[in-house]
Amino acid sequence: MSAPSLPALLETNPRLDQWVRFETPGRITVATGRVEIGQGVLTAMLQIGADELDVAPERIDLKTGDTDLTPNEGYTAGSQSIQYGSVALRLALAEAKALFLGRAAAQLGCNPAELSVRDGAILRGGAPTGLDYWSLAGEIDLARKATASAAPKKAAELRVIGGKTPRVDLAGKVFGAPVFVHDMTADGMVHARVIRQPRRGATIASLDEAAIRRAAKGPVEIVRVGNFVAILGADETAVDAAAQAAPTHVSWDGLDPLNPQQEEARWLIQQPSIDRVIGAALPEGPTQGGAWREATFTRMHIAHASVAPSSAMAVFQDGHLTVWTHCQGVYPLRAALARSLKIDPATISVRHVQGPGCYGHNGADDAAADAAVIALQKPGVPVRVRWRREDEFGFEPVSPAMVTTVRALRGADGRPADWTTEIWSGRHSSRPGGGGNLLAAEALPDPPPAPPAQDPPEANGGGGTRNGEPLYDFAQKRIVHHLVAETPVRTSSLRGLGATINVFAIESFIDELAAEASADPVAYRLSILKDARARAVVERVAQMAGWRSGAAGGNGKGRGIGFAQYKNRAAYCAVVADVEVDESVRVTSVWCACDGGLIVSPDGAINQLEGGIVMGASWGLKEGVRLDSAGIASRDWETYPILRFTEVPEIAVELVDPLVDRPPLGVGEASGGPTVAAIGNAVAQALGTRIRDLPMTRERVMAALLKG
Amino acid sequence: MPPIHLNVNGKPVQISAGGDTPLLDVLRNHLGLSGTKFGCGLEQCGCCMVLIDGEPVKSCGKAVSTVAGKHILTIEGLGTPERPHPLQQAFIDEQAGQCGYCLAGILVSAKALLDRNPAPTRRQIAEALDDNLCRCGSHHRIMRAVERAAAQMRQGGAA
Chain P
0 MSAPSLPALL ETNPRLDQWV RFETPGRITV ATGRVEIGQG VLTAMLQIGA
50 DELDVAPERI DLKTGDTDLT PNEGYTAGSQ SIQYGSVALR LALAEAKALF
100 LGRAAAQLGC NPAELSVRDG AILRGGAPTG LDYWSLAGEI DLARKATASA
150 APKKAAELRV IGGKTPRVDL AGKVFGAPVF VHDMTADGMV HARVIRQPRR
200 GATIASLDEA AIRRAAKGPV EIVRVGNFVA ILGADETAVD AAAQAAPTHV
250 SWDGLDPLNP QQEEARWLIQ QPSIDRVIGA ALPEGPTQGG AWREATFTRM
300 HIAHASVAPS SAMAVFQDGH LTVWTHCQGV YPLRAALARS LKIDPATISV
350 RHVQGPGCYG HNGADDAAAD AAVIALQKPG VPVRVRWRRE DEFGFEPVSP
400 AMVTTVRALR GADGRPADWT TEIWSGRHSS RPGGGGNLLA AEALPDPPPA
450 PPAQDPPEAN GGGGTRNGEP LYDFAQKRIV HHLVAETPVR TSSLRGLGAT
500 INVFAIESFI DELAAEASAD PVAYRLSILK DARARAVVER VAQMAGWRSG
550 AAGGNGKGRG IGFAQYKNRA AYCAVVADVE VDESVRVTSV WCACDGGLIV
600 SPDGAINQLE GGIVMGASWG LKEGVRLDSA GIASRDWETY PILRFTEVPE
650 IAVELVDPLV DRPPLGVGEA SGGPTVAAIG NAVAQALGTR IRDLPMTRER
700 VMAALLKG
Chain V
0 MPPIHLNVNG KPVQISAGGD TPLLDVLRNH LGLSGTKFGC GLEQCGCCMV
50 LIDGEPVKSC GKAVSTVAGK HILTIEGLGT PERPHPLQQA FIDEQAGQCG
100 YCLAGILVSA KALLDRNPAP TRRQIAEALD DNLCRCGSHH RIMRAVERAA
150 AQMRQGGAA
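Here the protein sequences line up with chains P and V, keeping their order. If you count by numbering that gives the first Met the number 0, then the first sequence holds residues 0 to 707, one letter each, in order. If you count by numbering that gives the first Met the number 0, then the second sequence holds residues 0 to 158, one letter each, in order.
Excised from the complex, chain P in its bound form (with noise of 0.2 angstroms):
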């Protein structure tokens, strides 16, 4: 007999105690390696455990990003907390309870499938045994290798799972309690802001000071590491004051004037790249003329814009450092410190403390690497640091400029023979545990070298290249990559990465060519669909938003749809927009169908996907980093905004079939790039021509209007 084959998550975090324990009577402790980030995985966790488990959620104490006390799961990143890690965590609860269930049944002298847990109590036929966990918790060793031979419940079994859980984490939210990293406080702790070295490899030509302590109006302290310069203090006001007027206090050598121009995009096809097709070989011939078509669409660099600056807390006492992070992974993060201060990790103790959303690779990471470096400097003292908003904007990385053209044959029946969906970014992961650096890491004394390009492989959903390739039913399909290597900013993950644009571009080309085949755009979708639930979801949000073929458009009113299966792999998701549109385009109401799989919370998951569709539309119609010869130019809420409550839309969200027996699908990301989509659709309707280039500003609606 062959053991079942383990999930990953259970290969590399092997032993059932590292994922529960029952160390307190009346308490079990289930540990994830997976961090709260707003997206309400704690609750979610918590339900799983309570579930499997068959305890009360209460009983449960949750242990989350810690790398004392949780599995390493890598980053809380890519919508994989629920799709993957719920399954591992899942898979160890319901082997654990089997070895209690067994050891219950020993004593008894009965068949294990004759006892049942309620609240931690065995039962037998329903009867107490006067056996529970906790006088089972002596006699079985959790320290063991997990096997998954024990099945997680049926759903027809679930209770807690698939139900109403409150978040866990709201109410402390709602009263002010201090649940960030940015409240936390420690006696004798100092406040830090960092002076930034404002690119790869500047240096420090001169630094004043005298006149820095002077604007601070009470006691700071500067520390310095070769180019990493700290203002620290007791006093927030004074570090504050000199963190402000610090800028002009200090040059800088080896500032090359960037090009401005290169905020938008298609500088991006002049520059050299790594290059690769994926999927069939490329077409032999012209690919321009006759029956082919083509498409361009370009989108600017885009911000986290986390509605806070980072920050985050560290202390070196006796030879060990403690960091306190709201980053996405602290075992990526503890390895990436080690390495850039040359301590051994086991000295390094990285825990998950909450802060703002982060959307993906933020400032979070440096901002913890600065804790430690000052931290270092100053053992004893607990150091938090928080970044500046204008630090957070201007020196986060950000999503990549992308230009993707998409190319079809058109087929004898209408329908595309061919399909390439051509790509050009930069890097979308710089994560220090994937290859990139830290910022401190770059202004320390022997600074590693700069980081090789490189994107997030197909494995994982590709970077760039993410929901590059159409789920539509075409003979010949593939994806050409062209990975720019240089770009002007440091650029990394952020929420649905490629896909973004990849789906806007694609979903927007399909619409091209319903037209060209007097087709309705539904009715097309669907006549080159075949997956079932793709197809469900495409017919569900069509009727949620009472789609009629042949709509009117061109008089300022249109109305568009989008859809995508996130990575192709995780959720599906369909959307329809409704927008208006007179020199500005105004998106009024916006319906979403998505098939998740197994969906553990379904209000948390409908929170994510209505959250996936604000930030659609505000990148859709806002947001683009401006640039200027000394970088990011767009450094506050004026010159990045994003939408606003006078301007979310109506929105209803459905969820198909949450509570049958599939593996969950990740849902986090799944509606950002059909809600774009979607709005594009609707606008082209509404302008009667079709805006191509993101954000669809009131400046292009007007070009388009004039273009006609």
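In silico SDA-like cross-links for lysine to any residue, where the CA-CA straight-line distance does not exceed 25 angstroms: (1) P:K216 <-> V:H4; (2) V:K10 <-> P:T184; (3) P:K556 <-> V:E126.
Hints are computed from structural coordinates only; laboratory data are not their basis.
Keeping the supplied structure of chain P fixed, place chain V upon it in accordance with the hints.
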């Protein structure tokens, strides 16, 4: 420096700080009221919103000397887990939030709205919250929660 007298969440307090210290720093660092958040320090995002004599004001740009003698309400003064304000209860009931960093500022902005308009329309709620940024996209739930709280308060729920 002469002490500055304020009334914070119904209690008189005496502050020893430079007059140009931002009210936000006074709340968070001098009084330990960290519910009010730093978001931008530029009076643009609303994370630091408090009520000063009932009016929503961004505390990051407000020098403490300019609010001497005034009544300041922060999220901690709105309600407690034991005695939640109807707005706080409604935000929980509607699950109105994701990361939650913006919520303290939004809740006090909503309080100011309901104090002057007990039956706001959806449009009036959106306009009252337009100075508060939310990046997670919880706007809808937040507006539903404000409507729910308003209805609750009109029916005689404690304010």
